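Residue numbers (the working numbering), protein chains in the order written: chain H, 689 to 804; chain G, 12 to 123.
Quick caveat, the hints were computed from the structure, so don't treat them as lab data. Mixed in with the good hints there might be a few duds.
Away from chain G, derived, C-beta distances all over 10 Å, residues of chain H [said to hold, decoys possible]:
1. L709
2. S715
3. R743
4. N744
Covered stretches of chain G (chain H as the covering partner; in silico rule of three or more C-beta atoms under 8 Å from a C-beta of chain H) [stated by the list, open to error]:
5. 48 to 54
6. 90 to 96
Note that the structure is a prediction, hence the values are computed from the model and not measured. Every residue, glycine too, gets a C-beta built ideally from N, C-alpha and C.
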Amino acid sequence: KAGVTQTPRYLIKTRGQQVTLSCSPISGHRSVSWYQQTPGQGLQFLFEYFSETQRNKGNFPGRFSGRQFSNSRSEMNVSTLELGDSALYLCASSRTSGSSGGNIQYFGAGTRLSVL
Amino acid sequence: GIQVEQSPPDLILQEGANSTLRCNFSDSVNNLQWFHQNPWGQLINLFYIPSGTKQNGRLSATTVATERYSLLYISSSQTTDSGVYFCAAYNAGGTSYGKLTFGQGTILTVHP
């Protein structure tokens, strides 16, 4: 069974540009969560999608957005990039995200974004 | 929301030593996971352990949910165990869907 796939693995952008990152979850998983990892702030939750609906959102500005498609693949978009957006962006998938079993999260290898 | 604290922040060992990493959390959880982050940044699942005890080779974990802590044990450590270990948790009630809250991690260095 293929794991969580994130593309691209590396990106270099300049301030003011926008970027789109992609995440393909494990087959059968319907929940996709996104996280940002920086040396200063650690791992922080961005948002979660389930069946094409955003059900939870972290404390990030509106420049960070996402969506999920009917095949559960998800994309996140960052508009008007700032230097502080340089980070490792991680995506995780799980069968569910509720209180029952199946909410184990499996992570992709991440996309490392550098903003110059 | 839930708070997760890990200790110690850094741990330096000689190969063959044993170690215990601790994770304290501030509220009841129905998801608690331990991860090892490899040098390329990927989070590798070690345990899903909202309660009880599990073992996998030289690694084992115990979560005492009533006292809100979890422990990760590494026995006979090897240089390949080096890296950052994260504990993460959430309570899926209310608005916590899909949101793992991570501790700050323990940086483990194992010397030959």
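Hint-by-hint comparison with the structure:
The Cβ of H:L709 sits about 14 Å from the closest Cβ of chain G, beyond the 10 Å cut-off, so the non-interface label holds. Look at H:S715: its CB is around 17 Å from the nearest CB on chain G, clear of 10 Å, so calling it non-interface holds up. Here H:R743 does not stay apart from chain G, with its beta-carbon only about 4 Å from theirs, under the 10 Å limit. For H:N744, the shortest C-beta to C-beta distance to chain G comes to about 4 Å, within the 10 Å cut-off, and the non-interface label is violated.
Beta-carbon proximity to chain H at under 8 Å applies to 4 residues in the stretch 48 to 54 of chain G; the threshold of 3 is reached and the given coverage holds. For the stretch 90 to 96 of chain G, the proposed coverage by chain H is not satisfied: 0 residues have a C-beta within less than 8 Å of a C-beta in that chain, short of the threshold of three.
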